[in-house]
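Following the hints, position chain B against chain A.
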Amino acid sequence: MRWRLRLSGTQTRPSRDVPRAVTWLLALALLLQVGIAAVQRTPAARAQDLPALPGPDILRALSLGEPIPLAQLLTLYLQAFDNQPGISIPFMQLNYARVEQWLARALELDPAGQYPLLLAAQVYAQVPDTERQRTMLDFVYRQFLQDPSGRWPWLAHAAIMAKHRLNDLPLALRYARALREHATGAQVPGWASQMEIFMREDMGEYDAAKVLLGGLLHSGAVTDPHEKRFLIERLQQMEDAEKSSSPSKKRLGP
Amino acid sequence: VVVRAHRAARHPDKLQRQARAQSTPGKNAGLSAHMSKVLAIARFTLLEALRTRLLWLVLGLLVLLIVGSLFVRQLAITDTARMQLGFLAASMRLGMVLILCLHVAGSMAREFNDKNVDLLLSLDLPRAGYFLGKLLGFVGVALLMALLASAALGTVADPVALVIWGTSLACELVIVAAITLFCAITFVQIMPAVTFVVAFYLLARSIAAVRLMSGSQLLPADEWSTRLTGWLVDGLALLLPDLSRFTSSAWLLGGADGGSALAYVVAQTLIYGALLSLAGLFDLYRRSL
Numbered sequence: 001m002r003w004r005l006r007l008s009g010t011q012t013r014p015s016r017d018v019p020r021a022v023t024w025l026l027a028l029a030l031l032l033q034v035g036i037a038a039v040q041r042t043p044a045a046r047a048q049d050l051p052a053l054p055g056p057d058i059l060r061a062l063s064l065g066e067p068i069p070l071a072q073l074l075t076l077y078l079q080a081f082d083n084q085p086g087i088s089i090p091f092m093q094l095n096y097a098r099v100e101q102w103l104a105r106a107l108e109l110d111p112a113g114q115y116p117l118l119l120a121a122q123v124y125a126q127v128p129d130t131e132r133q134r135t136m137l138d139f140v141y142r143q144f145l146q147d148p149s150g151r152w153p154w155l156a157h158a159a160i161m162a163k164h165r166l167n168d169l170p171l172a173l174r175y176a177r178a179l180r181e182h183a184t185g186a187q188v189p190g191w192a193s194q195m196e197i198f199m200r201e202d203m204g205e206y207d208a209a210k211v212l213l214g215g216l217l218h219s220g221a222v223t224d225p226h227e228k229r230f231l232i233e234r235l236q237q238m239e240d241a242e243k244s245s246s247p248s249k250k251r252l253g254p
Numbered sequence: 001v002v003v004r005a006h007r008a009a010r011h012p013d014k015l016q017r018q019a020r021a022q023s024t025p026g027k028n029a030g031l032s033a034h035m036s037k038v039l040a041i042a043r044f045t046l047l048e049a050l051r052t053r054l055l056w057l058v059l060g061l062l063v064l065l066i067v068g069s070l071f072v073r074q075l076a077i078t079d080t081a082r083m084q085l086g087f088l089a090a091s092m093r094l095g096m097v098l099i100l101c102l103h104v105a106g107s108m109a110r111e112f113n114d115k116n117v118d119l120l121l122s123l124d125l126p127r128a129g130y131f132l133g134k135l136l137g138f139v140g141v142a143l144l145m146a147l148l149a150s151a152a153l154g155t156v157a158d159p160v161a162l163v164i165w166g167t168s169l170a171c172e173l174v175i176v177a178a179i180t181l182f183c184a185i186t187f188v189q190i191m192p193a194v195t196f197v198v199a200f201y202l203l204a205r206s207i208a209a210v211r212l213m214s215g216s217q218l219l220p221a222d223e224w225s226t227r228l229t230g231w232l233v234d235g236l237a238l239l240l241p242d243l244s245r246f247t248s249s250a251w252l253l254g255g256a257d258g259g260s261a262l263a264y265v266v267a268q269t270l271i272y273g274a275l276l277s278l279a280g281l282f283d284l285y286r287r288s289l
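Protein sequences, first through last, are from chains A and B.
Everything in the first sequence is counted per the numbering used here, starting at 1 for the first residue and increasing by one.
Everything in the second sequence is counted per the numbering used here, starting at 1 for the first residue and increasing by one.
Just so you know, the hints here were simulated from the structure itself, not pulled from any lab data.
Computed from a predicted model, the values in this text were never measured in an experiment.
Some hints here could point you the wrong way.
To be verified - Taking CB as the label site, the calculated pair distances span:
| # | chain 1 | residue 1 | chain 2 | residue 2 | range |
| --- | --- | --- | --- | --- | --- |
| 1 | B | Ala-263 | A | Leu-31 | 44 to 54 Å |
| 2 | B | Gly-154 | A | Arg-165 | 53 to 63 Å |
| 3 | B | Asp-79 | A | Leu-64 | 37 to 47 Å |
| 4 | A | Asp-202 | B | Leu-94 | 54 to 64 Å |
| 5 | B | Ser-32 | A | Pro-19 | 32 to 42 Å |
Yeah, the Cβ is synthetic: ideal placement off N, Cα and C, and Gly gets one too.
Chain A on its own, in the form it takes in the complex (with noise of 0.2 Å):
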């Protein structure tokens, strides 16, 4: 073999030196080694099974100083946890009290990453059951409040989950309104802190509506050409709609 002349500096013979008893062997077990391989059940998750996880100072020993590797572990062994084949309903079976458990560690170990939060937002809030797609949103909005400009996108995701999928418009509200009063970076784009402005039309509070949108053209945060235009008329539908006593029926284009 090539490495051992770079590693060890001595020769090697062909292999026709070797006894082809020797050869023939080796094939042979490598052969048994497949085959006792192969016929081995191919590992299957069982979603009742996930264990509890330590505190996080814990994991944080264990880690040996690298935590934020052990938290992209946990989050990939809980994403493959559930999602084996021969699993009918996966997510459904599953401990939500400890899958939240499993991804607020994986926060807490790695504040930056993102994964455990679109896990939660993308993945497991997708369930047909509302009590579990509910305490994964309040898990989202937990942890936004620890980071609101690095997690704000999660929350308008969940906003719009609770308004469209749960058709619960006072907790897409109650999202909207906190990504409007603790998502202020710089980096945060202007539709996530209108999104309460147009929950409230929705809702028919068109004068807290009004006082929002108003106030945030007065505040001069917006300037975009484009965009402030489209929020004048925005501003001046729903005086039109509140005259006519009907919400706007117009939507955000493209």
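Relative to the frame of chain A, chain B by itself:
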């Protein structure tokens, strides 16, 4: 020469019988002579382990781990015995594997550096005989270490579960001895050999989890990179022993029945031990002295 002289003084009749057997023409006599040399190499390998204070090192580690487990027991509020047993079993397993790996790699490196291999192979002994002797010696060391580790758990574990756990640990250590011997012959130097063995061990312990992750339905199934990764991991799983099914602490803690897993453990050890031994032998035959 000194050893032979001592032997001759103590057992003159035995050596005469050996000499007669060697001088007698015939296949059986030749085989018998080779076997006695193989056993002598195995015996000296075992003696080397004892004289390089490996036994004391193992005992020292066991004492250290027992003290550590008592500390864990003191920290626990409930399930104190289970906590102690779990810590002790898992740490002993890892400790035995690391010590055996370092011992085999160090011993073989010394053999090559001192030209003992060249000397032994210049005698009337096929390379297979030398390899088998060393392998038997290291397997003996592995069994001794598994026995000591099991004995250390004797007072706190259920005897039946302990026998199963100890057998599995012995099998695991045999695989580690075989892979380290193979690596020591292939890489000659300690560092690359030990690095390879540690990487192999960690991968073999985690291959089931890696396979589980690579099969996630969240990954895009129609992308070539996903399929390629899946094939690679499946291929790797075919070539590696699943060490996560070996020597589980849960067997001692009543969480799982080790008896049902033991058949796989023994079969896998026999097959993988043979595979690694033949691979090592293949490399030894290709080695130019």
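Structure-based check of all given hints:
no. : hint                                : result
1   : B:Ala-263 <-> A:Leu-31: 44 to 54 Å  : violated (20 Å)
2   : B:Gly-154 <-> A:Arg-165: 53 to 63 Å : holds (59 Å)
3   : B:Asp-79 <-> A:Leu-64: 37 to 47 Å   : violated (25 Å)
4   : A:Asp-202 <-> B:Leu-94: 54 to 64 Å  : holds (59 Å)
5   : B:Ser-32 <-> A:Pro-19: 32 to 42 Å   : violated (20 Å)
In the structure shown, a violation is registered for the earlier hints numbered 1, 3 and 5, in ascending order.
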